[in-house]
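> Each chain is listed here by its residues.
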Amino acid sequence: MSGDQSGGENDRPETGAFFARDRAWHPPAFAPGYKSSVLRSPQKALLSLDGTLSEITGPVFGHSMLGELDNDLIHNFAKPGESAIGERIIVHGRVLDERGRPVQDALVEFWQANAGGRYRHRKESYLAALDPNFGGCGRAITNGDGHYCFRTVKPGAYPWPNGVNDWRPAHIHFSIFGHGFAQRLITQMYFEGDPMIWKCPIVGAIPDRRAIEQLIAALDWGNTVPMDARAYKFDIVLRGRRSTFFENRPEGN
Amino acid sequence: MAQDLGYLKETASQTAGPYVHIGLTPNFCGIGGVYEADLGASMVNDRTLGQRITVTGRVIDGAGMPLKDALVEIWQADAAGLYNSPSERRGAADPNFAGWGRSPTGADDGMFTFETVKPGRVPFHDGRLMAPHISFWIVARGINIGLHTRMYFPDEAAANAADPLLARIEHRHRAETLVAAGRTPNYVFDIHLQGEKETVFLDI
Ligand SMILES: [Fe+3]
Numbered sequence: 001m002s003g004d005q006s007g008g009e010n011d012r013p014e015t016g017a018f019f020a021r022d023r024a025w026h027p028p029a030f031a032p033g034y035k036s037s038v039l040r041s042p043q044k045a046l047l048s049l050d051g052t053l054s055e056i057t058g059p060v061f062g063h064s065m066l067g068e069l070d071n072d073l074i075h076n077f078a079k080p081g082e083s084a085i086g087e088r089i090i091v092h093g094r095v096l097d098e099r100g101r102p103v104q105d106a107l108v109e110f111w112q113a114n115a116g117g118r119y120r121h122r123k124e125s126y127l128a129a130l131d132p133n134f135g136g137c138g139r140a141i142t143n144g145d146g147h148y149c150f151r152t153v154k155p156g157a158y159p160w161p162n163g164v165n166d167w168r169p170a171h172i173h174f175s176i177f178g179h180g181f182a183q184r185l186i187t188q189m190y191f192e193g194d195p196m197i198w199k200c201p202i203v204g205a206i207p208d209r210r211a212i213e214q215l216i217a218a219l220d221w222g223n224t225v226p227m228d229a230r231a232y233k234f235d236i237v238l239r240g241r242r243s244t245f246f247e248n249r250p251e252g253n
Numbered sequence: 001m002a003q004d005l006g007y008l009k010e011t012a013s014q015t016a017g018p019y020v021h022i023g024l025t026p027n028f029c030g031i032g033g034v035y036e037a038d039l040g041a042s043m044v045n046d047r048t049l050g051q052r053i054t055v056t057g058r059v060i061d062g063a064g065m066p067l068k069d070a071l072v073e074i075w076q077a078d079a080a081g082l083y084n085s086p087s088e089r090r091g092a093a094d095p096n097f098a099g100w101g102r103s104p105t106g107a108d109d110g111m112f113t114f115e116t117v118k119p120g121r122v123p124f125h126d127g128r129l130m131a132p133h134i135s136f137w138i139v140a141r142g143i144n145i146g147l148h149t150r151m152y153f154p155d156e157a158a159a160n161a162a163d164p165l166l167a168r169i170e171h172r173h174r175a176e177t178l179v180a181a182g183r184t185p186n187y188v189f190d191i192h193l194q195g196e197k198e199t200v201f202l203d204i
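Residue numbers (the numbering used here), protein chains in the order written: chain H, 1 to 253; chain E, 1 to 204.
If you are wondering where the hints come from, they were derived from the structure by calculation, not from laboratory data. Source: prediction; values computed, not measured. The C-beta atom is built at its ideal place from N, Cα and C for all residues, glycine as well. Hints may contain errors.
[Stated by the list, open to error] Keeping only pairs whose Cα atoms sit at most 35 angstroms apart, straight-line, the calculated DSBU-like set for lysine-lysine is:
#1 H:K154 - E:K9
#2 H:K35 - H:K123
#3 H:K154 - E:K197
#4 E:K197 - H:K123
#5 H:K79 - E:K68
#6 E:K68 - H:K44
#7 H:K44 - E:K197
#8 H:K233 - E:K68
#9 E:K68 - H:K199
#10 H:K199 - H:K154
#11 E:K9 - H:K35
#12 H:K233 - H:K35
#13 H:K44 - H:K123
#14 H:K79 - H:K233
#15 E:K68 - E:K9
#16 E:K9 - H:K199
#17 H:K233 - H:K123
#18 H:K44 - E:K9
#19 E:K9 - H:K233
#20 H:K44 - H:K199
#21 E:K68 - H:K123
#22 H:K35 - E:K68
#23 H:K79 - E:K9
[Said to hold, decoys possible] Simulated restraints, written as ranges between beta carbons of each label pair:
#24 H:W167 - E:G127: 48 to 56 angstroms
#25 H:E124 - E:R89: 44 to 52 angstroms
#26 H:A20 - E:P164: 13 to 21 angstroms
#27 E:T184 - H:W198: 49 to 57 angstroms
#28 E:G64 - H:P80: 42 to 50 angstroms
Use the sequences and the hints to build the structure in full.
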């Protein structure tokens with residue numbers, strides 16, 4: 001994990017603490033409509049603290065760790081010459097911070113159900129068929145512009161045990177590792193035009209409609225590859241960090 | 001009206017769901033051949049400096065059951081108290097220690113495990129040294145936004161007593177929830193999501 005940082009403002013490592021997290025924008029820990037949260041949500045107040053070195057620092061993931069097919073879910077689990085079944089799509093976008101600056105060298109990991117809505121997992125019980133050529137995981141590292149991209153099949157919706165008849169809208173899970181441990185984020189991407197988004201208790205745990213709309217990838221016709229794959233664009237925003245121009249910390253920034 | 005600050009909103013968190021292991025530790029959950037090894041599975045090599053330690057533990061829900069579908073990440077300084085990060089300006093950390101680890105909680109017993117080194121001390125904002133600690137981040141089905149906390153060491157009583165973060169915990173008895181059990185070199189850090197022993201989680 002070594003950084004080959006290059007280009008522009010990102011060359012200068014930043015040492016400011018992160019903007020305070022707007023917890024009213026995120027889903028609360030306790031959201032009874034999503035039943036799993038009931039026994040898994042802390043009930044006491046969080047201890048608030050301006051980030052120390054332990055939170056503002058983080059590892060760097062080098063592009064060299066990536067394999068050639070890491071961002072190609074259509075092929076990275078498929079037998080040679082075969083490919084995953086489903087609607088072929090490209091998902092791409094930028095990882096930015098709250099100041100609108102690109103986050104370079106961010107590790108973006110993604111996982112999803114197959115085109116029928118079935119996960120490759122021994123605890124998965126949905127009757128939809130497994131696709132022998134689909135594993136369901138991939139990863140990428142953002143370039144100097146904060147851009148990432150991958151190729152996959154559009155995941156299917158699936159039912160899940162929560163209410164009597166709850167279904168997850170089609171979604172891709174995202175894990176993003178920016179520059180500081182306190183920036184760590186896991187979220188889910190949804191697809192433009194899916195009416196099921198608005199029926200989902202997990203989505204519904206997010207209090208602000210604008211925060212939900214920020215999770216919906218837009219069909220990106222301009223980047224659609226003719227006769228091959230449609231494109232969806234999904235930008236991700238990580239916490240921004242304060243400038244340190246006038247800070248004079250004893251540890252010697 | 002004033003100028004628009006032009007800031008963006010952080011993307012909202014969503015639960016990692018029941019299958020976070022597919023994405024972040026695929027080899028662990030039987031999806032072989034995509035990645036050579038699971039990221040963050042090994043933290044030390046034979047040239048890493050410092051005292052080897054093992055940290056194990058469970059993430060326990062409000063009914064007392066250990067989570068078997070959770071994922072735990074840790075981040076820590078090297079043995080000299082330096083972070084292996086571009087934002088670390090005090091010196092160069094041990095090149096044989098990235099300081100970051102990732103562990104699924106086991107499908108059988110719900111245990112996470114990290115083989116690492118004991119971290120050195122790192123300064124707080126005002127220059128005082130914090131007690132040696134390891135930062136934790138926990139995600140799972142039912143956790144809507146990842147939980148941050150810290151583990152401190154039971155054999156560092158004097159340093160813990162002077163630690164600026166531990167000192168800010170108003171309910172004094174709750175500070176104990178951040179101190180591991182066990183002793184050198186095997187520490188046990190159970191994380192309680194709810195109840196009497198609810199771990200102190202951080203908004204950092
Ligand atoms: Fe899912």
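> None of the hints should be skipped; say for each whether it holds.
Outcome of the hint check:
no., hint, in the structure
1, H:K154 - E:K9, "holds (27 angstroms)"
2, H:K35 - H:K123, "holds (18 angstroms)"
3, H:K154 - E:K197, "violated (43 angstroms)"
4, E:K197 - H:K123, "holds (30 angstroms)"
5, H:K79 - E:K68, "holds (31 angstroms)"
6, E:K68 - H:K44, "holds (23 angstroms)"
7, H:K44 - E:K197, "holds (11 angstroms)"
8, H:K233 - E:K68, "holds (33 angstroms)"
9, E:K68 - H:K199, "holds (28 angstroms)"
10, H:K199 - H:K154, "holds (19 angstroms)"
11, E:K9 - H:K35, "holds (27 angstroms)"
12, H:K233 - H:K35, "holds (31 angstroms)"
13, H:K44 - H:K123, "holds (32 angstroms)"
14, H:K79 - H:K233, "holds (28 angstroms)"
15, E:K68 - E:K9, "holds (32 angstroms)"
16, E:K9 - H:K199, "holds (24 angstroms)"
17, H:K233 - H:K123, "holds (31 angstroms)"
18, H:K44 - E:K9, "holds (26 angstroms)"
19, E:K9 - H:K233, "holds (17 angstroms)"
20, H:K44 - H:K199, "holds (30 angstroms)"
21, E:K68 - H:K123, "holds (11 angstroms)"
22, H:K35 - E:K68, "holds (17 angstroms)"
23, H:K79 - E:K9, "violated (41 angstroms)"
24, H:W167 - E:G127: 48 to 56 angstroms, "holds (54 angstroms)"
25, H:E124 - E:R89: 44 to 52 angstroms, "holds (46 angstroms)"
26, H:A20 - E:P164: 13 to 21 angstroms, "holds (18 angstroms)"
27, E:T184 - H:W198: 49 to 57 angstroms, "holds (54 angstroms)"
28, E:G64 - H:P80: 42 to 50 angstroms, "holds (48 angstroms)"
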